[in-house]
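Engineer: Single-letter residue listing:
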Amino acid sequence: MVKTDLYEYPPELREEFEATEAIQFRDGSSATAADVWHFMTEIAPKRYPFAYTQKKYAGVRLSRDIHLPSAIKNHYLLLTMNDRITRSRENGAPVIFVQGGQSVDPYYAAGGIALRPASVGLWARGRHEGLGLNEEVVRQHKQKEKAYHAISFEACQTAGYENIQEGGLPIDMVAPFTCLRCSDISYGVEAHRHGPNKAVKLMNIDYPMRHQADKTWAVEYFAQNLRRLTSEIGKLAGREVTDADLSKEIRLHNEGRRLAIETAELWWSADLPPTNGVDRRSLYQMGGMEVHGDPSASLTVLRESHAYIKERVNKGIKAEGVVDKPIRLFVCGSCVFPNDFRIEEAGAIIVGQDNHWSDISTLVEEDGDPYQNLAHAILSYPYEQSVEVRAAWTIEQLKKSRADGVLFLYQWGCNTQSAIARMLCDTIKRDTGIPTMIIEQHEGGSEQSEQLLNRVNAFIEML
Amino acid sequence: MPIKTLEVIRKRLEERPAELRKLRESGQKVVGWTGYNVPEEIIYALGFIPIRIAIGGDDRLVEVGGRYASSKNCVFIREIVGVFSENEDPYIQQTDILAFDATCLQNFRAAEVIEYYFKKDVIVLGVPRNFYWEEGKEYFGKEADEFARLLEERAGVALDLAKLGESVALYNDIRKTLKSIYTFQAAKDNVISWVEVFDLIQAGDLLDKKEYLSLLHETLAELRALQHNPIIEVDGSEGRIFISGSLIPRGDRKLISIITSVGGRIVGDDIWTGILPHLDLEIKEISPAGVALGYLNRTPHAALPYLDLESDRRLKKLHELLGEFKAQGVIYHTLRYCDPFTFKAKETKDVLAKSDIPVLEIHTEYAGSDYEALRTRLEAFVEMIKIKAESAAEVIV
Ligand code: SF4
Ligand code: SF4
Chain A
83 MVKTDLYEYP PELREEFEAT EAIQFRDGSS ATAADVWHFM TEIAPKRYPF AYTQKKYAGV
143 RLSRDIHLPS AIKNHYLLLT MNDRITRSRE NGAPVIFVQG GQSVDPYYAA GGIALRPASV
203 GLWARGRHEG LGLNEEVVRQ HKQKEKAYHA ISFEACQTAG YENIQEGGLP IDMVAPFTCL
263 RCSDISYGVE AHRHGPNKAV KLMNIDYPMR HQADKTWAVE YFAQNLRRLT SEIGKLAGRE
323 VTDADLSKEI RLHNEGRRLA IETAELWWSA DLPPTNGVDR RSLYQMGGME VHGDPSASLT
383 VLRESHAYIK ERVNKGIKAE GVVDKPIRLF VCGSCVFPND FRIEEAGAII VGQDNHWSDI
443 STLVEEDGDP YQNLAHAILS YPYEQSVEVR AAWTIEQLKK SRADGVLFLY QWGCNTQSAI
503 ARMLCDTIKR DTGIPTMIIE QHEGGSEQSE QLLNRVNAFI EML
Chain B
451 MPIKTLEVIR KRLEERPAEL RKLRESGQKV VGWTGYNVPE EIIYALGFIP IRIAIGGDDR
511 LVEVGGRYAS SKNCVFIREI VGVFSENEDP YIQQTDILAF DATCLQNFRA AEVIEYYFKK
571 DVIVLGVPRN FYWEEGKEYF GKEADEFARL LEERAGVALD LAKLGESVAL YNDIRKTLKS
631 IYTFQAAKDN VISWVEVFDL IQAGDLLDKK EYLSLLHETL AELRALQHNP IIEVDGSEGR
691 IFISGSLIPR GDRKLISIIT SVGGRIVGDD IWTGILPHLD LEIKEISPAG VALGYLNRTP
751 HAALPYLDLE SDRRLKKLHE LLGEFKAQGV IYHTLRYCDP FTFKAKETKD VLAKSDIPVL
811 EIHTEYAGSD YEALRTRLEA FVEMIKIKAE SAAEVIV
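For the protein sequence lines, the chains are A and B, in the order given.
Residue 262 in this note's numbering sits at position 180 of the first sequence, and the numbers go up by one each step.
Residue 520 in this note's numbering sits at position 70 of the second sequence, and the numbers go up by one each step.
Just chain A, with the same shape it has in the complex (with noise of 0.2 angstroms):
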């Protein structure tokens, strides 16, 4: 990439964008719009140039929705991943890896940072600075090699190996559920035991399978296993963990998740969409507060972009870029998505997704033993439950998302996902009619395989 053909954000935003609110961190401080601005027009192009890439279809370029400030300052987050997260870890806060679609309320509540796979990349991303598109690419895919040399090239998810491993990033713990989602986590987590990092702990978080909410037993044991994780991120915060700690967290984090929940009903309530899809995710992902690694932050962010998807709902305002009445696609499945840009070229755009809202979308009980709350609300997740209760919310969903078509993506690799993709396509199609498509995706980057876009058109087209 040429560095000089970069994105700019129009100057006569400026004014407008100053004028919003200012992002409130976990720490009492504080970034004003004016702040964000200065670091995303002059600071962020130079040190990190490959966000700024023209090239259309890059999962990793900015939005385009200039007028939505939570757009830009999501970016503004996940550009100064390194710099936040580094200097939370130097004022004694652990930082811990933890998995996708898992809420973080304890780790929280125990004093440390949890970051799922996708942010503890954003931090390792961050220290490499200067860098464009393509070299950006193939820094990432380095990196992953180290991963499948060192544990297996049939891996999908190495628990942050080839960072935290081999590539020096001061990660404290690796704690993840390990729930039925994904099929790599423990086995990712076991493997640090055999990398030269030997400081970094070590933890799996226990998540029983089978009717596990309904049986006392299993949500009892949960609750040890959250119980133990909050003791020893506490020892490495050095405090102790009340339950009072845990109750304020749940209650806090019960904000972001209503607030999500409310966010996605306005916006599916709207006869056009007042986002783009990467947008739309961005809001309902704020909600589970993990994203950013500072839950106060994505709750700020959150609670403002609420008040503009009210204002475009309510005027009618659609989204710039996407068309009238699209095709609206509901995605099933982990970790993958198709890309945004090429649906919404497409006629389509991507209404919402399992992997993830079935967390942000459970509410913890704040009344009475805040372990057993968590631990069943948890063990509640409609992801994790047998196949016909995983359909009826997700049918749920898919009603309340007027979606028109079903998108089943895994990564290859993934062997629970990939397992129940059919059971459950077949049971969305029985119960509702809703087309569905099953796609597997063999290679990550910044832009998708032409054949699994491929098929996505040809599906989007038959819808």
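To be clear, the hints were calculated from the coordinates, so they are not data collected in a lab.
Which chain B residues face chain A? A few, computed with CB under 7 angstroms, are given here:
no.: 1; residue: Ser520
no.: 2; residue: Lys522
no.: 3; residue: Leu555
no.: 4; residue: Tyr566
no.: 5; residue: Asn580
no.: 6; residue: Glu585
no.: 7; residue: Tyr589
no.: 8; residue: Lys592
no.: 9; residue: Leu759
no.: 10; residue: Thr792
Derived BS3-like pairs (lysine-lysine); straight-line CA-CA distance at most 30 angstroms:
no.: 11; chain 1: B; residue 1: Lys804; chain 2: A; residue 2: Lys283
no.: 12; chain 1: A; residue 1: Lys280; chain 2: A; residue 2: Lys226
no.: 13; chain 1: B; residue 1: Lys734; chain 2: A; residue 2: Lys297
no.: 14; chain 1: B; residue 1: Lys587; chain 2: A; residue 2: Lys317
no.: 15; chain 1: B; residue 1: Lys767; chain 2: A; residue 2: Lys280
no.: 16; chain 1: B; residue 1: Lys799; chain 2: A; residue 2: Lys228
no.: 17; chain 1: B; residue 1: Lys804; chain 2: A; residue 2: Lys224
no.: 18; chain 1: B; residue 1: Lys587; chain 2: A; residue 2: Lys297
no.: 19; chain 1: A; residue 1: Lys481; chain 2: A; residue 2: Lys511
no.: 20; chain 1: A; residue 1: Lys283; chain 2: B; residue 2: Lys796
no.: 21; chain 1: A; residue 1: Lys283; chain 2: B; residue 2: Lys587
no.: 22; chain 1: B; residue 1: Lys629; chain 2: B; residue 2: Lys454
no.: 23; chain 1: B; residue 1: Lys804; chain 2: A; residue 2: Lys228
no.: 24; chain 1: A; residue 1: Lys481; chain 2: A; residue 2: Lys407
no.: 25; chain 1: B; residue 1: Lys804; chain 2: A; residue 2: Lys226
no.: 26; chain 1: B; residue 1: Lys796; chain 2: A; residue 2: Lys228
no.: 27; chain 1: B; residue 1: Lys799; chain 2: A; residue 2: Lys280
no.: 28; chain 1: B; residue 1: Lys479; chain 2: A; residue 2: Lys297
no.: 29; chain 1: B; residue 1: Lys766; chain 2: A; residue 2: Lys228
no.: 30; chain 1: B; residue 1: Lys799; chain 2: A; residue 2: Lys224
no.: 31; chain 1: B; residue 1: Lys569; chain 2: A; residue 2: Lys511
no.: 32; chain 1: B; residue 1: Lys569; chain 2: A; residue 2: Lys297
no.: 33; chain 1: A; residue 1: Lys511; chain 2: B; residue 2: Lys570
no.: 34; chain 1: B; residue 1: Lys569; chain 2: A; residue 2: Lys481
no.: 35; chain 1: B; residue 1: Lys479; chain 2: B; residue 2: Lys613
no.: 36; chain 1: B; residue 1: Lys766; chain 2: A; residue 2: Lys280
no.: 37; chain 1: B; residue 1: Lys613; chain 2: B; residue 2: Lys587
no.: 38; chain 1: B; residue 1: Lys626; chain 2: B; residue 2: Lys479
no.: 39; chain 1: B; residue 1: Lys796; chain 2: A; residue 2: Lys280
no.: 40; chain 1: B; residue 1: Lys766; chain 2: A; residue 2: Lys283
Just so you know, even glycine gets a beta-carbon here, dropped at the ideal spot from N, CA and C.
Starting from the known structure of chain A, arrange chain B with the ligands on it as the hints suggest.
Structural biologist: Only chain B with the ligands this time, still in chain A's reference frame:
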């Protein structure tokens, strides 16, 4: 000299499906189980006929199973699903109830797929990943109680602890006898081969347990008559091979036949269709939880992650067995998409390299397309360990 009882066992296996059919006609029920921590004694004590569903080696069935599960599941699981889809296996046809466990997530998914598409009555036993925590053991004990309760519902009777005690005694005797027989195959001037013992172990998955025990006793008596004092020692340039890694179920003979055809002598294994599940199983309390904990406390299956390399009991056991059977090289066998073993392949090789034990990793599936390539690699490996053994012997001389 052939062991006569082995012939009897082969014949009884041929007769067994028809026998099962008759028993079912008379009201008995067959529980087909698969997994790595299913406490079979509970099934038996409730009056069910347990048979293990461990079938492999048929690429066509893998392809059929993949249509219901996915092409990204391990070939073993795909074949199991394929077998249920076709319903032509004489044992599978006789199953009334299925019992799966959640040791391996893929096994769990197979239970769901079979339940969903083939409308089978499936019971699933949860297994803790933090199996070494007290909390994990307690959880597993409760899962075992639930497992027993679900079986009781289907049996229409309550579990009688006296019967469970008898069942445990019977299984303990089977395990003890198998262990004694296993020693003979590794001995100098052996009168029984590892392959024969391997078949013998797998016969126990299908035969009536009491009859099986008496056949084992007869086999052992014959062996003792033929070889008074089996001594395990290295004999010149045999190429003593140990098989580790993913399971090798009935029907899958590709790897074994190549090893023997290139002159390797298999003398031991730690695979989950071999001797390993029968070792170190100590039941301290006669109750569903007590039996289940005996299973969980054995050498852990690779699907249960253990986070400290130094104290890993799986690797310790591997070393112990390598020493006991005087193996000279390890074939680490991983099935396609079997993550529990594939993720640990390199690590296992590194650990064994520190002990100067040669390892060959074989990553394969049930298709025959890699047969020649495997043959070439195995031939070279067997040759290499023979040369290594010979030169070691020369040094001793
Ligand atoms: S795609 Fe599947 S195996 Fe890979 S990280 Fe996601 S859940 Fe895990
Ligand atoms: S351990 Fe391996 S072979 Fe066994 S069910 Fe799991 S993935 Fe398949």
